Amino acid sequence: MKKILLMGNPNVGKSVIFARLSGINVVSANYPGTTVEFARGYLKFGQERAEIIDVPGTYSLTPTSPAEEVACQILKQGNLVVNVVDATNLERNLNLTLQLLQQNIPMVVVLNFWDEVKHIGIAIDTTRLEEILGVPVIPTCALTGEGISALHKRLGEAEVKFYHYEEEERWHEVGKIIKAVQKISHRHHSFLERVGDASIQPVSGFFIACLVIFFTFLLVRIVGEGLANYFLVPFFEKFWRPVLVRISSFFQSVHFLHSILIGPLKEGKIDFYSWGVLTTGLFIPLAQVLPYVFAFYFILGILEDSGYLPRLGILVDKLMHYLGVHGLSIIPLLLGLGCNVPGALAARIMETKREKFIILTLMAIAVPCMSQIAMVTSLLGPYGVRGLGVWAGAIFLVWVLVGTLLNRLLKGESPEIFLEIPPYRCPYPGAFLKKLGMRIKWFVKDALPFVFLGVLLVNILYSIGLVDFLNQKVQATLRPLFGLPAEVGVALLIGFLRKDMAVGMLAPLNLTLKQLIIACVILTMYFPCAASFIVLIREMGIKQMMKALLLMGILTILVGAALNLIL
Amino acid sequence: MVFKKRRKMNLTELKTGEVRKIKKILGDGNFKKKLENLGLREGVEITKVSAQVFKGPITLQIGTSKIAIGFNTARQILVEEE
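Read top to bottom, the protein sequences are chains V and S. Position one of the first sequence corresponds to residue 1 (the numbering used here), numbered consecutively onward. Position one of the second sequence corresponds to residue 1001 (the numbering used here), numbered consecutively onward.
Hints in this document: simulated from the structure, not taken from any laboratory. Treat the hints with care, as some may be off.
[What the hints assert, rightly or not] Below 25 Å or equal to it, Euclidean Cα-Cα: the simulated DSS-like pairs (lysine-lysine) are:
hint, chain 1, residue 1, chain 2, residue 2
1, S, K1033, V, K76
2, S, K1055, V, K179
3, S, K1023, S, K1055
4, V, K176, S, K1032
5, S, K1055, V, K76
6, V, K176, S, K1024
7, S, K1021, V, K176
Since we're looking at a predicted model, the values are computed, not measured.
The shape of chain V in the complex, shown without the other chains (with noise of 0.2 Å):
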């Protein structure tokens, strides 16, 4: 089958020329690396069947970095190039493409964000181009869809063109090519980009971040706390109760499977706090977490869209330092904020190993991830700044802890920050909601899996009595250390599978305020839940990740201790 590979400069919106030509949906976001793995669809190639791959964005092909190198391997398995090039930034973008064209591969050029070359006062000349580079020129504007169509049909004019030119000369080619094609007209700056400007200098800049973290954090919560108490929660009452009193009475006689479904009524009434799969296992991931993973999505995906993010990273550069890594780092560390397996994956944009070695580190250690958050913020927002705000304090020293410590004991030092910063760009509605949709499907169909599994482990473990064994296991811990009773052991358990099933577990053990913040400081600390788990395994390696595991075991026993010393 003939291989089309997608290839050009990040942030040039492959990604999204990939989901219209392949109709799969991929995470697309506007700040280079967004795509850190290969992309595969396929498409329509006259009368076959052609693979089609989104590559990682590249500059050139002589690689600087691992990412690239990857891009630059897979260039020899392809039987046809498109190389999409950011139309605003021509002449940048066709250093890679006079790379690209010697080759010796047929090409397509596809010059894409079309609708904003007008705007900033940019006009190319489509025909001269193509008669110079002598292969297929299509404009395209990704997002709307406009011009995906003829670059469909013109696939097929895709040519070898040899285009000559001395490597040294490059550039001054390229300067010839630009005075041909281009003209620039001069214009004003827009809104967007006083903004922006304003959002990048040190003092502005300042507090523009800390209203839009203020922002993000109090819709958030807004958001999600509304659509639980106003949407799902009523819904779960009226609508899934009547139903669950039916099977309840339906399996009246069945003990075994009544107890594991509904578990134990309450005063004669269902309680969707029961532990049964059916109760519990639906009500506290769709009705308690789902709703902050969605404010979470919605607000992260504005973020991403417009081309903060990469700003955020360059305030925050320095600062990160002192953490081991550099500003673009936050990107990952964010996304773990919704769930550690994506933000683990988005640790790839680090260069070296030292970093990816911290972050990861990091994310499993001190940052928890929304349905985890959802839960204790149930559990700990009732008590406001001494409850809510303790845990998060404490989780935060941890974090910079870790850094700092990190940073310290690693040999090497961290790359500077170095990147392209996309401009500002309003996020489309078509391609933002079909991401948060994407986002959502992800946390259902991840997460209820483990939730039933976690759900079922515990009846298994109550109606066998295992359940009083293993308290009377860690009493000898729990209690002297942490002060905490035996039954949080099982909660302890739990926590391997799905962090936010675990703090649910602590709800009904009347715990007082100082025992569950230290609890949920020590959830949140202990181990990265199993999907993470195997994700982190994955990115840092066996060795690694027995290295992050001892240093998050002391320190989930150093911080827990001290939390029940000083609270």
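Please build the complex by placing chain S on the supplied structure of chain V, with the hints as guidance.
The following block gives chain S in isolation, referenced to the frame of chain V:
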């Protein structure tokens, strides 16, 4: 008479908003290549957009694109004097 030897000026010494041509980039081939990929090469005109405090990153405008580089990288980029 005080004789002041004029040192070469690098990007970190520019004020925000100043426009200069890049005169020379110090460093090995790989380093230069990396900069070149983002359009930073000798003879190119740049505008300094911002500089973060405490030797933080420096933002530049090159043509229609904006890039951010670290302080130490910026120190290796010499600009032409007025």
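To see whether the hints hold, each was checked on the structure:
{"no.": "1", "hint": "S:K1033 - V:K76", "in the structure": "22 Å, holds"}
{"no.": "2", "hint": "S:K1055 - V:K179", "in the structure": "37 Å, violated"}
{"no.": "3", "hint": "S:K1023 - S:K1055", "in the structure": "22 Å, holds"}
{"no.": "4", "hint": "V:K176 - S:K1032", "in the structure": "22 Å, holds"}
{"no.": "5", "hint": "S:K1055 - V:K76", "in the structure": "42 Å, violated"}
{"no.": "6", "hint": "V:K176 - S:K1024", "in the structure": "22 Å, holds"}
{"no.": "7", "hint": "S:K1021 - V:K176", "in the structure": "19 Å, holds"}
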